[in-house]
Amino acid sequence: MSCIFCKIIKGEIPCFKLLDTPHLLAFLDIQPLSRGHALVIPKTHGERLHDIPDAELAELLPAAKKLALLVGAENYNILQNNGKIAHQEVGHVHVHMIPKPNDTEGLSIKWPAQETDMEKLKALAEELKAKM
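So that you can map any letter, position 30 of the sequence shown is 41 in this note's numbering, and since no number is skipped, the others follow by simple counting.
Please note: incorrect hints may appear among the correct ones.
Computed cross-link-like contacts, PhoX-like style, restricted to lysine-lysine with a CA-CA straight-line distance of at most 25 Å [claimed, not checked]:
id : residue 1 : residue 2
1  : K142      : K131
2  : K54       : K28
3  : K54       : K95
4  : K28       : K76
5  : K28       : K18
6  : K111      : K28
7  : K111      : K21
8  : K77       : K28
9  : K121      : K95
10 : K95       : K18
11 : K111      : K77
12 : K111      : K121
Here are the computed distance ranges between Cβ atoms for each label pair [to be verified]:
id : residue 1 : residue 2 : range
13 : K28       : L135      : 38 to 48 Å
14 : K95       : L30       : 21 to 31 Å
15 : D65       : S13       : 36 to 46 Å
16 : L81       : P33       : 15 to 25 Å
17 : A124      : K95       : 20 to 30 Å
18 : K142      : G94       : 12 to 22 Å
19 : D114      : G83       : 17 to 27 Å
20 : P33       : T127      : 37 to 47 Å
Think of the hints as simulated: they come from the structure by calculation, not from any bench.
Keep in mind that this is a model prediction, so the values were computed, not measured.
Virtual Cβ for every residue (Gly too), placed ideally from N, Cα, C.
Turn these sequences into a full structure, and let the hints steer you where they fit.
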């Protein structure tokens with residue numbers, strides 16, 4: 012397998028390991044947006060969130076929380092992307108914990124909000140609830 016994160020999990024590529032459990036690995040990002048920027052990855056390979064068993068996903072956010080507390084981040088972003096056009100660079104599920112110490116360091120986000128159409132939102136909510 013050529014997945015860089017799978018190679019890190021197997022120890023074929025070194026990392027600055029912070030947390031290692033039977034289901035996940037957390038390590039410092041080698042291209043950090045700020046001091047303490049870390050990644051949390053499941054040990055099961057899957058490209059998208061829906062490819063990973065729920066039991067393993069349940070450990071990702073508590074680990075990201077632990078890292079945020081560990082680095083003393085008062086402000087931080089938790090980021091998880093799925094798919095290339097959603098800015099996923101590595102085809103293995105991962106969660107970023109990115110401290111936001113000031114306006115220039117950390118993650119910068121533009122939020123292109125759309126106009127609100129309450130009738131369309133209501134119809135969408137009904138459609139989605141019917142599928143659950």
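Structure-based check of all given hints:
1. K142 x K131: With Cα atoms ~17 Å apart, K142 and K131 stay inside 25 Å; holds.
2. K54 x K28: Within the cut-off at roughly 13 Å; holds.
3. K54 x K95: 21 Å, holds
4. K28 x K76: The given pair, whose Cα atoms are some 16 Å apart, holds under the 25 Å limit.
5. K28 x K18: This hinted pair holds, its Cα atoms lying about 13 Å apart.
6. K111 x K28: 21 Å, holds
7. K111 x K21: Violated. K111 to K21 sits at ~31 Å, over the 25 Å cutoff.
8. K77 x K28: Status holds; Cα separation ~14 Å.
9. K121 x K95: 18 Å, holds
10. K95 x K18: It holds: about 21 Å lies between the C-alpha atoms, which stays within 25 Å.
11. K111 x K77: 16 Å, holds
12. K111 x K121: 15 Å, holds
13. K28 x L135: 38 to 48 Å: About 42 Å separates the Cβ atoms of K28 and L135, which means 38 to 48 Å holds.
14. K95 x L30: 21 to 31 Å: With a Cβ separation near 28 Å, K95 and L30 satisfy 21 to 31 Å, so the hint holds.
15. D65 x S13: 36 to 46 Å: 27 Å, violated
16. L81 x P33: 15 to 25 Å: 20 Å, holds
17. A124 x K95: 20 to 30 Å: 23 Å, holds
18. K142 x G94: 12 to 22 Å: Holds, at about 21 Å.
19. D114 x G83: 17 to 27 Å: At roughly 18 Å between Cβ atoms, G83 and D114 fall inside 17 to 27 Å, so the hint holds.
20. P33 x T127: 37 to 47 Å: 44 Å, holds
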